[in-house]
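Visitor: Mind docking chain B with the ligands on chain A? Use the hints.
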Amino acid sequence: MLEIKDLKKNYGYFRALNGLTLTVGDGELFGFVGANGAGKTTTMKICVGLLKADSGQVIIDGVNTLDGGRKMRNKVGYVPDFFGVYENLTAMEYLTFFAGTYGIWGTKSNSLCEGLLELVNLSDKKDTQVDSLSRGMKQRLCLARALVHNPEILFLDEPASGLDPKARFELKEILKNLSGMGKTIIISSHILPELIEMCSTLGIISHGEMKFNGSVEDAMLLSKGKVSVEATFAGETEKALLLLKESPFVTSPEAVGNKITLGFNGTDDDAAGIIKNLVMHDIPLTGFTKKNENVENIFINIMEGNEGGTAENADANVQP
Amino acid sequence: MQMPTFNLKNAVLVKDMQVRAKRSNLPALLFIVNMVLSLVATIIMIVINARLVTYSNNSNDHLPWFFIGCIIAESALICLVIPIISSTTIASEREHQTLDVLLTTSMSPFDIVLGKYLSCIAYVAIMLLSTVPALSIASIYGSINFFQMFSILLVMMVMAMFLAAFGVHYSVSLKKSNHAVVMSFVMTGVLLGSTIILVMIAYGIINAIEASFELKYGYTGTPYVTPDPSIFLLYVNPMCTIFDAVGRIVGFKFVDDYSLHTTMSITGMKTVIAEVCPHLSLDNIFVRFWTLFSCITQLVLSWLLLKSAARRLDPSRAKIRHRRTKNAGKQS
Ligand SMILES: Nc1ncnc2c1ncn2[C@@H]1O[C@H](COP(=O)(O)OP(=O)(O)OP(=O)(O)O)[C@@H](O)[C@H]1O
Ligand SMILES: [Mg+2]
Numbered sequence: 002m003l004e005i006k007d008l009k010k011n012y013g014y015f016r017a018l019n020g021l022t023l024t025v026g027d028g029e030l031f032g033f034v035g036a037n038g039a040g041k042t043t044t045m046k047i048c049v050g051l052l053k054a055d056s057g058q059v060i061i062d063g064v065n066t067l068d069g070g071r072k073m074r075n076k077v078g079y080v081p082d083f084f085g086v087y088e089n090l091t092a093m094e095y096l097t098f099f100a101g102t103y104g105i106w107g108t109k110s111n112s113l114c115e116g117l118l119e120l121v122n123l124s125d126k127k128d129t130q131v132d133s134l135s136r137g138m139k140q141r142l143c144l145a146r147a148l149v150h151n152p153e154i155l156f157l158d159e160p161a162s163g164l165d166p167k168a169r170f171e172l173k174e175i176l177k178n179l180s181g182m183g184k185t186i187i188i189s190s191h192i193l194p195e196l197i198e199m200c201s202t203l204g205i206i207s208h209g210e211m212k213f214n215g216s217v218e219d220a221m222l223l224s225k226g227k228v229s230v231e232a233t234f235a236g237e238t239e240k241a242l243l244l245l246k247e248s249p250f251v252t253s254p255e256a257v258g259n260k261i262t263l264g265f266n267g268t269d270d271d272a273a274g275i276i277k278n279l280v281m282h283d284i285p286l287t288g289f290t291k292k293n294e295n296v297e298n299i300f301i302n303i304m305e306g307n308e309g310g311t312a313e314n315a316d317a318n319v320q321p
Numbered sequence: 015m016q017m018p019t020f021n022l023k024n025a026v027l028v029k030d031m032q033v034r035a036k037r038s039n040l041p042a043l044l045f046i047v048n049m050v051l052s053l054v055a056t057i058i059m060i061v062i063n064a065r066l067v068t069y070s071n072n073s074n075d076h077l078p079w080f081f082i083g084c085i086i087a088e089s090a091l092i093c094l095v096i097p098i099i100s101s102t103t104i105a106s107e108r109e110h111q112t113l114d115v116l117l118t119t120s121m122s123p124f125d126i127v128l129g130k131y132l133s134c135i136a137y138v139a140i141m142l143l144s145t146v147p148a149l150s151i152a153s154i155y156g157s158i159n160f161f162q163m164f165s166i167l168l169v170m171m172v173m174a175m176f177l178a179a180f181g182v183h184y185s186v187s188l189k190k191s192n193h194a195v196v197m198s199f200v201m202t203g204v205l206l207g208s209t210i211i212l213v214m215i216a217y218g219i220i221n222a223i224e225a226s227f228e229l230k231y232g233y234t235g236t237p238y239v240t241p242d243p244s245i246f247l248l249y250v251n252p253m254c255t256i257f258d259a260v261g262r263i264v265g266f267k268f269v270d271d272y273s274l275h276t277t278m279s280i281t282g283m284k285t286v287i288a289e290v291c292p293h294l295s296l297d298n299i300f301v302r303f304w305t306l307f308s309c310i311t312q313l314v315l316s317w318l319l320l321k322s323a324a325r326r327l328d329p330s331r332a333k334i335r336h337r338r339t340k341n342a343g344k345q346s
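Which chain is which? The protein sequence lines are A and B, in order. Per the working numbering: the first sequence = residues 2 to 321. Per the working numbering: the second sequence = residues 15 to 346.
Among the clues, some could well be false.
[To be verified] Interface residues of chain B toward chain A, partial, derived using beta-carbon atoms under 8 Å:
1) A25
2) V28
3) K36
4) S38
5) N39
6) L40
7) P41
8) H110
9) V115
10) N192
11) H193
[As the list claims (entries may be wrong)] List time: in silico BS3-like cross-link candidates among lysine-lysine, alpha-carbon distance up to 30 Å:
12) A/K167 / A/K72
13) B/K23 / A/K76
14) A/K177 / A/K246
15) A/K246 / A/K260
16) B/K23 / A/K109
17) B/K189 / A/K126
18) A/K127 / B/K23
The set of hints was computed from the structure by calculation and includes no laboratory data. Just so you know, even glycine gets a beta-carbon here, dropped at the ideal spot from N, CA and C.
This is chain B alone, in the form it adopts within the complex:
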């Protein structure tokens, strides 16, 4: 009779939710998130008004920007909040000397990691839910229906889950919570920024190889090597997923016209980005269902990260200590 309850309830999750609820920072966070969204909406409104005055443009084309602005702001907040809360989970248990006791209980290391992880996810879910009213208004202006809005919220949840998995992973593998926070931020930056740069570099290199082949063997019409597969590295870039999901809803044309491209072109990347951006070769199935496939990739990776974190946490495997012992042997 007891087994089902045991499987459903994770004590660490319940406890963490309890502690989080008692702390006063949850209402503060919700307040800040919603304030930021209001601020973004206000700024967009001011900009639109100014444009209307300048160009006396009466079309409603720009209205989706309320929605896009809110999504960008919310994603940015997730990127800020998730590394902090996820990477302090296990590390702070270690610092409070409560981890050892937890490891002697009947919970497996994976249960502990999962409980910690889910408590972060629940925290972000509450944060996202609290923005639903503001987001709904923005959606109405952009003619975005409820299901579209909901799907974007889901994509943002996946992004939160993916980043949180890295946070929890570092929380286990690094002893100090501030190291773990720093590493999670670095990793977030790598995922969001470096993946794009890597793809660009891959494009450059492979195109150069292709050019040299063509010089040597002659141009045959079909390329010898193609850089296209390297684009799938961007499956792990949550920002690309959100870009794709938003683009599918408001139309890529729109996104191109108004400014995700303009923003990128400021950094001088415009031409390369134009090649790299997912929606530009829509005939490929992996590109057509970019959002779906990249979400699946990210969830699978999150799962693997949690599994490896649990493995590292498990004292009976003692992976870390063994490695250290080996190194000590090599040095002397």
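Next comes chain A alone, as it looks inside the complex:
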């Protein structure tokens, strides 16, 4: 169980984390979502002891781990967003080295490393030089590396970036597998639909603060009623725009040609009301399409915080 409480981190005068609070339960697959520069990597580095927080607590299994120490390092595994591999080492030697860093040597280390290579489907690359592996393979090797000491919590910083769909699928399967084995996994990513598919809980971070922390279902619920709508007209688009602007459920309508895109945060009845209103004013409405499947948009709204009305509402809903 990982608990982060009121974590603060400044880089010089830049506040990267501003009272970040977050809880991840045992065995959860936690998706950590945020825009570039939101503070995901910073948070993870603090959790694995690579950065010192200015204040706050990181509690793993009830123990505050911010002082670092070997005990804490034995509990967490970390796959950084950028990582190098050593030249002149084979995949097997690479893993053996890291087993050695945890004091595992000899036959025990051999069987462990072979098992891990199998787990990440790299058994056939056992004797390949690490620097000649493809990006996806390196990623998987690094995942295996993070598992040599059988950690309770795994931190993966954008593990899917730079991978092709097949490699991503493989990675996802491996992660689900690991999650099934009872490991707590924290994944940061930009690719939201994938996270939603895979994760049990989500955390959304923006400007160093958590905007949302809860189950994926809750996140989906939260996104209900905040949809973008595309309405098409056979004419009189300007008149329609004026009418739409009057509606309290419509935000930032924009006309492009005979198409109007708008943010909509009402119920289905409200939508029907708007359509009825348009038709009553003799406006030739030809289409009215809701796009609430587009999770990306919703999350962008949440992440961007207080830009635009929709997002403001979202903020109000999200605050715990």
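Guide: Okay, now just chain B with the ligands, sitting in the frame of chain A:
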């Protein structure tokens, strides 16, 4: 059951040795080192032959020069090799983005620093061992026995360990490996050269003070201030240690007659050096056991340097970042 193996084996050391062994530059280095020694021996032989022709001197006095020449050449090679290999250790991990991962493992920062350090030392030890055959022949000619030769090898190891500690230290504190290499070379130069100059300056200043005291209060027979303690600054000069160790084996008389002094006198330092050189006041115990005490000093300093490097590497202390933050605060 596992704990003893863990304590004995350092994964970073094992890995670095593995990588070094795989790279082709180790045989190349051994070859170059031995070539240099052969070259030095050849040159000495040519010089001796020429002298024999000129002076028809049949004594064997000059034969230790084979040994001395090899030691000087080997020490010079250590001064060249150690800063390069030691200062790239941690910095290159950082550049390859492998350092972060290493820091999250169960190895403490000190284990990592020590592993890196020992891998450099092992590299130099292999280099020194490879010169044993050549050095043995040179020793036989100079009537130097095995234990004397071995003791000089040990002193050179201490020199390598001392210089490597600086290299590793800079490797941690400077972000780029080429900066670290430059700084280690500068530091090597400071240790070998500037310490002598500093002692000379100290002698000059303190002697001047003494002279002014004598003018003012009169000459009493015992000096008011003595510059002698400043000589112990040279404890950190590995070249002085080697000079002392070699001098003890082949005889200072020899070293004075044939040329360490002559070499120095070319630079016009002869008189001052004569005052500064360790063997000139042999009655002091710290001077009599110069080699031993300076080796201990250097090893202790190396240990402290490694400790401070480990401290800097430790992210949970974050010393560097804090300092930077403070500076940023002051500027604006
Ligand atoms: N070493 C550093 N020095 C100064 N500022 C930093 C440093 N590292 C990160 N930052 C700043 O802290 C903020 C958070 O960075 P962080 O790397 O945690 O973001 P992120 O969420 O991981 O982004 P990305 O998705 O791009 O990886 C950024 O604005 C970044 O500019
Ligand atoms: Mg990041």
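Visitor: Each hint: holds or not?
Guide: For each hint, the structure was consulted:
1. A25: Constraint on B/A25 satisfied, holds at 3 Å.
2. V28: holds (6 Å)
3. K36: At about 5 Å, which falls below the 8 Å cut-off, the nearest Cβ of chain A leaves the hint on B/K36 intact, so it holds.
4. S38: violated (10 Å)
5. N39: violated (11 Å)
6. L40: violated (12 Å)
7. P41: Hint on B/P41: violated, closest Cβ of chain A at ~15 Å, above 8 Å.
8. H110: holds (4 Å)
9. V115: At 6 Å from the nearest chain A Cβ, B/V115 passes the 8 Å test, so the hint holds.
10. N192: Violated, about 18 Å.
11. H193: violated (19 Å)
12. A/K167 / A/K72: Violated, because 37 Å separates the two Cα atoms, which is more than 30 Å.
13. B/K23 / A/K76: holds (22 Å)
14. A/K177 / A/K246: Answer violated: A/K177 to A/K246 is near 46 Å, above 30 Å.
15. A/K246 / A/K260: Holds: A/K246 and A/K260 sit about 15 Å apart, inside 30 Å.
16. B/K23 / A/K109: Given that 30 Å is the threshold and the Cα spacing comes to 15 Å, the pair holds.
17. B/K189 / A/K126: Given that 30 Å is the threshold and the Cα spacing comes to 33 Å, the pair is violated.
18. A/K127 / B/K23: Given pair A/K127, B/K23 holds - Cα atoms ~24 Å apart, limit 30 Å.
Against the hints set out earlier in the document, violations occur for numbers 4, 5, 6, 7, 10, 11, 12, 14, 17.
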